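Asks: In case you want the letters, here they are:
Protein chains: 2
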Amino acid sequence: MRQLKLDKAFTLMESGPVVLVTTHDGKRANIMTISWTMVLDFTPLFAITTGEWNHSFAALRKNRECVIAIPTVDMLDKVVGIGTCSGADTDKFGKFTLTLVPASVVEAPLIKECLANIECKVVDIVTKYNIVVLKAVAAHIDRARQETRTIHAVGDGTFIVDGRTIDRKKMMASKLPGGP
Amino acid sequence: MRQLKLDKAFTLMESGPVVLVTTHDGKRANIMTISWTMVLDFTPLFAITTGEWNHSFAALRKNRECVIAIPTVDMLDKVVGIGTCSGADTDKFGKFTLTLVPASVVEAPLIKECLANIECKVVDIVTKYNIVVLKAVAAHIDRARQETRTIHAVGDGTFIVDGRTIDRKKMMASKLPGGP
Chain A
5 MRQLKLDKAF TLMESGPVVL VTTHDGKRAN IMTISWTMVL DFTPLFAITT GEWNHSFAAL
65 RKNRECVIAI PTVDMLDKVV GIGTCSGADT DKFGKFTLTL VPASVVEAPL IKECLANIEC
125 KVVDIVTKYN IVVLKAVAAH IDRARQETRT IHAVGDGTFI VDGRTIDRKK MMASKLPGGP
Chain B
5 MRQLKLDKAF TLMESGPVVL VTTHDGKRAN IMTISWTMVL DFTPLFAITT GEWNHSFAAL
65 RKNRECVIAI PTVDMLDKVV GIGTCSGADT DKFGKFTLTL VPASVVEAPL IKECLANIEC
125 KVVDIVTKYN IVVLKAVAAH IDRARQETRT IHAVGDGTFI VDGRTIDRKK MMASKLPGGP
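Note that the protein sequences, when read in sequence, are chains A and B.
Quick note, the first sequence lines up with residues 5 to 184 if you use this note's numbering.
Quick note, the second sequence lines up with residues 5 to 184 if you use this note's numbering.
Just so you know, the hints here were simulated from the structure itself, not pulled from any lab data.
Note that the structure is a prediction, hence the values are computed from the model and not measured.
Where hints are given, some of them may not hold.
Each pair may be met inside one copy or between any two copies, as identical chains are not told apart.
What the hints assert, rightly or not - Here are the computed lysine-lysine pairs in the DSBU-like style, where the Cα-Cα straight-line distance is at most 30 Å:
| id | residue 1 | residue 2 |
| --- | --- | --- |
| 1 | Lys173 | Lys31 |
| 2 | Lys174 | Lys132 |
| 3 | Lys174 | Lys99 |
| 4 | Lys82 | Lys174 |
| 5 | Lys173 | Lys99 |
| 6 | Lys179 | Lys99 |
| 7 | Lys9 | Lys132 |
| 8 | Lys125 | Lys174 |
| 9 | Lys66 | Lys132 |
| 10 | Lys132 | Lys99 |
| 11 | Lys66 | Lys173 |
| 12 | Lys31 | Lys179 |
| 13 | Lys173 | Lys82 |
My request is simple: use the sequences and hints to build the entire structure.
Replies: See the structure below:
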């Protein structure tokens, strides 16, 4: 996996893919599936919705770091499986045969099988709305990966796979970081 | 456009489509294009990232309501156009030939051409992170629409169109509202 410039990391998240979030509580790593995420700025800051109902939340609150890993459509059944069992009683990396790779800055691991991984620090928790504010500190992408289509949860048990890409770079030039 | 049950409205947003947000400042309506959005719960509460840099933000802060309208791929050039001009000097409904329809609860209008419209009240603004917390109060969907594919902004001037849908309802049953 190669380094991705931090100012490009928001482009992994803006389209709204389902992501895997890894944590480490000092003893062991865990993973959760999250589709309630948002970009907050280009630096980038991200927001995710999570709380006590996720076993990973305790580690997130304690160690204040995580990795956002971006899976692709060939990983859908792992993604759904991870989202429907709990780290409280399951070693999810073992169960779903995912390979942990040490991250460069945080203790939470990267997931080797994913298209990209974003190392993040927790900068704030807006408790009232279960919003965790994350700052990306390093990003990695697998440029050799053949399958790059991400998946989008609808919330009713169905998932939308990325279709074709339409280029509107010229029309958008004035609004993109770096400007026209 | 038919009523959509409020407890289904989050399914319009969870997959991360680009949306149009309409506002009304008491004098006139405006629209902005937003792709930084997130579901907060199933009631549903939503979060969007916006601030002073959007002309619509003043109306949002003043009247504390808006409509989230979901456009589809046939509307891409309108969506990009709306996102790259300002309501400060442009009547966007006129310029992009969109039809305003009165909403049922809020003063901001629905957009007739969109697949769905969600009427929202502003419940909070987390100023530090430019997060606006919205509560949906009514939702509408156009069941007769042929084109239903939404669009996902990458953030680099390209847009991903919805591809095929994969059903994992059985695997997800324990996690869906309403339960297994």
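Asks: All hints are to be evaluated individually against the structure, with a verdict given for each.
Replies: Here is how each hint holds up against the structure:
1. Lys173 / Lys31: neither (46 Å within a copy, 34 Å between copies)
2. Lys174 / Lys132: neither (41 Å within a copy, 32 Å between copies)
3. Lys174 / Lys99: The answer is between: 19 Å across copies meets 30 Å, while 46 Å in one copy does not.
4. Lys82 / Lys174: between (38 Å within a copy, 14 Å between copies)
5. Lys173 / Lys99: between (42 Å within a copy, 21 Å between copies)
6. Lys179 / Lys99: Classified as between; 19 Å across copies, 43 Å inside a copy.
7. Lys9 / Lys132: Between copies only: 25 Å across chains, 33 Å inside a chain, cut-off 30 Å.
8. Lys125 / Lys174: Neither: 34 Å inside a chain and 35 Å across chains, both beyond 30 Å.
9. Lys66 / Lys132: both (18 Å within a copy, 22 Å between copies)
10. Lys132 / Lys99: neither (34 Å within a copy, 40 Å between copies)
11. Lys66 / Lys173: neither (41 Å within a copy, 33 Å between copies)
12. Lys31 / Lys179: between (44 Å within a copy, 27 Å between copies)
13. Lys173 / Lys82: between (34 Å within a copy, 15 Å between copies)
Hint compliance for this structure: hints 1, 2, 8, 10, 11 are not met, and every other hint is.
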